[in-house]
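Asks: Sequence:
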Amino acid sequence: MKNAEGFQAAYRDKTVFRYETLADLAKAYDIPLKALQQQVDEYNKIVAGTQKDPFAKPLDVKQPLKAPFYAMRLTPKLHYCMGGIAVNPRSEVLSTTTLAPIPGLYAAGEVTGGVHGIRTGSRPKRCRLPQSTGELT
Numbered sequence: 348m349k350n351a352e353g354f355q356a357a358y359r360d361k362t363v364f365r366y367e368t369l370a371d372l373a374k375a376y377d378i379p380l381k382a383l384q385q386q387v388d389e390y391n392k393i394v395a396g397t398q399k400d401p402f403a404k405p406l407d408v409k410q411p412l413k414a415p416f417y418a419m420r421l422t423p424k425l426h427y428c429m430g431g432i433a434v435n436p437r438s439e440v441l442s443t444t445t446l447a448p449i450p451g452l453y454a455a456g457e458v459t460g461g462v463h464g465i466r467t468g469s470r471p472k473r474c475r476l477p478q479s480t481g482e483l484t
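Counting from 1 along the sequence shown, just add 347 to a position and that's the residue number in the working numbering.
Derived from the structure by calculation, the hints contain no laboratory data. One or more of the hints may lead you astray.
[To be verified] Label-pair ranges, simulated between beta-carbon atoms:
1) L383 / G430: 41 to 47 Å
2) P436 / P411: 47 to 53 Å
3) P423 / P450: 17 to 23 Å
[What the hints assert, rightly or not] Computed list of lysine-lysine pairs in PhoX-like fashion (alpha-carbon distance at most 25 Å, straight line):
4) K392 / K404
5) K361 / K404
6) K381 / K399
7) K361 / K399
8) K399 / K409
9) K413 / K399
10) K361 / K374
11) K392 / K381
12) K374 / K399
13) K404 / K374
14) K361 / K392
15) K409 / K381
16) K374 / K392
Think of the CB as a built atom: it goes at the ideal place given N, C-alpha and C, for glycine as much as any other residue.
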C-alpha cells in the first residue's frame with residue numbers, strides 16, 4: 348500500500364479514525380446521514396460510469412466508497428511567512444531602524460509579505476510579520 352507508513356502513524360496517533368458504517372462516521376462528525384449517504388451514492392455512480400460528474404473533474408483512481416470508512420478533521424494551518432516590507436494598519440511603510448512610518452511611502456500586497464499554510468522543523472512556528480490590514484506584533 349502506497350504511503351502505508353504515514354497512514355498507520357496517523358491512525359495510531361488518532362488523527363485518522365475508522366468507522367464500520369457510514370452512519371457511525373456521520374454521527375462522529377455530526378453530519379446529516381441522509382445527505383452524506385446521497386453524496387456517497389452519487390460519487391459511486393460517477394466512479395462506476397453510470398452518472399455524469401457535474402463538475403467534470405478528472406479521477407486518477409476510480410475507487411468506489413465503501414465500508415470501512417476512514418476520516419479525519421482537516422483545518423487550514425500556518426505554513427510559512429514570505430517576509431516583506433513592514434507596514435502599519437494604514438499601509439505606511441515602517442523604518443527598519445525606528446519603526447516609525449516613512450512619510451509618503453506606502454506598500455500593499457505581496458511586497459508586504461504574507462502567510463501560507465503550516466510547516467514544522469527549522470522554520471519558525473509563528474511568523475511575526477506585519478500585514479497591510481493588521482498591526483505589528
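Asks: Does each hint hold? Answer for all of them.
Replies: Each hint tested on the structure:
| no. | hint | result |
| --- | --- | --- |
| 1 | L383 / G430: 41 to 47 Å | holds (43 Å) |
| 2 | P436 / P411: 47 to 53 Å | holds (52 Å) |
| 3 | P423 / P450: 17 to 23 Å | violated (37 Å) |
| 4 | K392 / K404 | holds (14 Å) |
| 5 | K361 / K404 | violated (31 Å) |
| 6 | K381 / K399 | holds (21 Å) |
| 7 | K361 / K399 | violated (36 Å) |
| 8 | K399 / K409 | holds (13 Å) |
| 9 | K413 / K399 | holds (20 Å) |
| 10 | K361 / K374 | holds (17 Å) |
| 11 | K392 / K381 | holds (17 Å) |
| 12 | K374 / K399 | violated (29 Å) |
| 13 | K404 / K374 | violated (29 Å) |
| 14 | K361 / K392 | violated (31 Å) |
| 15 | K409 / K381 | holds (23 Å) |
| 16 | K374 / K392 | holds (24 Å) |
Of the numbered hints listed earlier, those contradicted by the structure are 3, 5, 7, 12, 13, 14.
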